[in-house]
Amino acid sequence: MITKALEEIRRGTAEIIDMEAIEKLVRRYYETGETYTVKAGFDPTGADLHLGHTVLLQKLKTFQAHGGRIQLLIGDFTATIGDPTGKSETRKVLDRATIMANAKTYQEQVFNVLDESKTTVVYNSKWLDELGAAGMVGLTTLFNVARMLERDDFEKRYKAGQSISISEFLYPLLQGYDSVELKSDIEIGGTDQKFNLLMGRHLQRSYGVGKEQAVLMMPILEGLDGVQKMSKSLNNYIGITESPKDIYGKTLSISDDLMWRYYELLSEKPLDEIAQLREDVNNGTVHPKIAKENLAVEITARFHNEELANIAKEEFNSVFKANNIPTDMDEFDMEDGIWICQALMDAGLEPSTSQARRDIKQNAVSINQEKINDDKLNLSCGEYILQVGKRRFAKVKVK
Numbered sequence: 001m002i003t004k005a006l007e008e009i010r011r012g013t014a015e016i017i018d019m020e021a022i023e024k025l026v027r028r029y030y031e032t033g034e035t036y037t038v039k040a041g042f043d044p045t046g047a048d049l050h051l052g053h054t055v056l057l058q059k060l061k062t063f064q065a066h067g068g069r070i071q072l073l074i075g076d077f078t079a080t081i082g083d084p085t086g087k088s089e090t091r092k093v094l095d096r097a098t099i100m101a102n103a104k105t106y107q108e109q110v111f112n113v114l115d116e117s118k119t120t121v122v123y124n125s126k127w128l129d130e131l132g133a134a135g136m137v138g139l140t141t142l143f144n145v146a147r148m149l150e151r152d153d154f155e156k157r158y159k160a161g162q163s164i165s166i167s168e169f170l171y172p173l174l175q176g177y178d179s180v181e182l183k184s185d186i187e188i189g190g191t192d193q194k195f196n197l198l199m200g201r202h203l204q205r206s207y208g209v210g211k212e213q214a215v216l217m218m219p220i221l222e223g224l225d226g227v228q229k230m231s232k233s234l235n236n237y238i239g240i241t242e243s244p245k246d247i248y249g250k251t252l253s254i255s256d257d258l259m260w261r262y263y264e265l266l267s268e269k270p271l272d273e274i275a276q277l278r279e280d281v282n283n284g285t286v287h288p289k290i291a292k293e294n295l296a297v298e299i300t301a302r303f304h305n306e307e308l309a310n311i312a313k314e315e316f317n318s319v320f321k322a323n324n325i326p327t328d329m330d331e332f333d334m335e336d337g338i339w340i341c342q343a344l345m346d347a348g349l350e351p352s353t354s355q356a357r358r359d360i361k362q363n364a365v366s367i368n369q370e371k372i373n374d375d376k377l378n379l380s381c382g383e384y385i386l387q388v389g390k391r392r393f394a395k396v397k398v399k
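Per the UniProt record's numbering, residue 1 is the first one in the sequence shown, and the count goes up by one each step.
Be a bit skeptical, because a hint or two may be false.
Restricting the straight-line Cα-Cα distance to at most 27 Å, the calculated cross-link-like pairs of lysine-lysine (DSSO-like) are [what the hints assert, rightly or not]: (1) Lys24 x Lys183; (2) Lys183 x Lys104; (3) Lys183 x Lys156; (4) Lys194 x Lys211.
Hints in this document: simulated from the structure, not taken from any laboratory.
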């Protein structure tokens, strides 16, 4: 059992620092029943989570199955600074009301994956507000500027003559101090967080906590394009609060190669089953579309339920095999003479009018199942079914 547990913990990881410590914690749990703590921090800088975020949540769930008690840290204090990781400029400061509203949404969403009874939600403002000026100055003495500039994104910005605020230097120190307060045994994060995660080990040692947290890093999940990281700003994401038909349809749109990446990082199927499935696809006994459909149903059911996932599958097959119009779609009322590109954006089918124009030019937009190529079209009174690509539909009533 211990061997299988450790195999699941290693599954899909990009790098682990101090695997020996993790092995000891898991072994102790199975031999004595003693649990251990696993920290994961989320800065509530946005309202909703997507599948990229759930890569970490899935790993936390694995730890929960093998003795881990999760410290789900909501960075309500650090969110006021903004994590500089991967940024080419200083982030804008968020107001407290927005941060707390986002934090509430995060908590509602994470328990779609995590076991709430094995999770402790903590806010880092509890101790960082109390740290005060003297504590903050003391914290800054434990790390020097030269080492801070070794961090990849800081180094690039410094060499390019781009601004780096002092608050951004504080961010990794504050994230590390969270591990001091929580006395975490393990911290997990994405590969882009390595500098910050190691800071936790450094500060636990500096403050004499009596332990140095092990660090487990997960790879960054590629978005639907299979190239860029999953991101709302790139519109290549699958949001966990999206409708069953959208989660199912978007998952089915990924490439056959990317499917195996999603299986490894997002599926709860055992690794040996996934390996067998991949072999069956490679030798032709299972069609790759069947494998992808099974993955899409599994992911959709996780954030809704099995029944709705299967309805989404049936609806998808009905629409895209028979070229039928879906029975359930969003409806919008619009004014007479509305510009088609504006209508597509207002109906949520396009992120912008410029993208709508591009899709029209690329023959990807239909009205009542007829392709259009006039990006200057205005809609007169009537009812229309607008369609972008194969999966996005909306009913528009022009009055």
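Hints, verified against the model:
For the hint linking Lys24 to Lys183, the alpha-carbon distance of about 17 Å falls within 27 Å, and the restraint holds. At roughly 25 Å between alpha-carbon atoms, Lys183 and Lys104 fall within 27 Å of each other, so this suggested pair holds. The straight-line distance between the Cα atoms of Lys183 and Lys156 is roughly 33 Å, outside the 27 Å bound, and the hint therefore fails. For the hint linking Lys194 to Lys211, the alpha-carbon distance of about 18 Å falls within 27 Å, and the restraint holds.
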